[in-house]
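Residue numbers (my numbering), protein chains in the order written: chain Z, 313 to 427; chain W, 13 to 127.
By construction, these hints were calculated from the structure, which means they are not laboratory data. Backbone N, C-alpha and C fix where the C-beta goes; we use that ideal spot for every residue, glycine too. There may be inaccurate statements among the hints.
To be verified - Looking from chain W toward chain Z, a few residues come up when the C-beta cut is under 8 Å (computed):
1. Ser-45
2. Gly-54
3. Leu-55
4. Glu-60
5. Asn-68
6. Leu-102
7. Glu-115
8. Ala-116
9. Phe-118
10. Gly-119
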Amino acid sequence: GESVGLHLPTLSVQEGDNSIINCAYSNSASDYFIWYKQESGKGPQFIIDIRSNMDKRQGQRVTVLLNKTVKHLSLQIAATQPGDSAVYFCAEKRIPWSSASKIIFGSGTRLSIRP
Amino acid sequence: KAGVTQTPRYLIKTRGQQVTLSCSPISGHRSVSWYQQTPGQGLQFLFEYFSETQRNKGNFPGRFSGRQFSNSRSEMNVSTLELGDSALYLCASSPGQGAGDTEAFFGQGTRLTVV
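One chain only, chain W, in its complex shape:
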């Protein structure tokens, strides 16, 4: 069973640009969550998508957005990049429903550097 796949693995962008990151969840998983990881703030929840709908959202500005497709693949977009957006962006997939749905499977992440 293939794991969670994130592309690209590494990305360098310039301030003011926008970026799109992609995540393919484990087959059969309908929930995709996105997290930002930085040395200073740790792992912070961005948003969760389930069946193409955003179910939950963290405390990030509107420059951070996402979407989910009918095959459960998800993309997140960051517009007007700032230096502080440099981070490891992690995607996690899970079945998405049921009280026992605690195990989220993470991808290796996309390392975004803003210069």
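Just chain Z, with the same shape it has in the complex:
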């Protein structure tokens, strides 16, 4: 069956340090891997995605790394700030050209920031 996003449930990081959130997946047929952030009382918010034929993609303060050999995905957040406190989900999406797509979410990692 489909399985994505085997996360560690919690991660505590000192403010100003870099955070690394890891995710393991099992489905090699995924087209895209996506990271979402969900703050308390809000819906998930798109952070960054990476196509399955890429190894690395950078955004503003975030970097996503994809290792297809070991089926591992990570999100790195530079200089972690209090506003980064949230639950982070990795997710996968398959986009066949002529058909529908859906997002499969992992279980999520709760990131806490220590002052």
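Start from chain Z and add chain W according to the hints.
Just chain W, lined up with the frame of chain Z:
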């Protein structure tokens, strides 16, 4: 540009009743997806609608249904409510076509409590 709007935000229903939730997508978006979020099961895909047609469906019983109108607004209905249906129901909108259609925008959700 207005975001995804879900109504109502909170709802309390009794077992056996039925409920209808509403979602207005971002203007111009034709795809609306619904997800159920619970502490135990995480975020699970219910179904996706595109141009008034259900394009994809998750593994939920037939008590869960939906529809989409010509203006892309969507409703989901749950009949014969069970205690286990208590959850945050999230709606996500996206343009709905094209290989780059990975960024789904989520609403704040409807918190349904079944008593």
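Original post:
Which hints from the list above does the structure break, by number from lowest to highest?
Top reply: none
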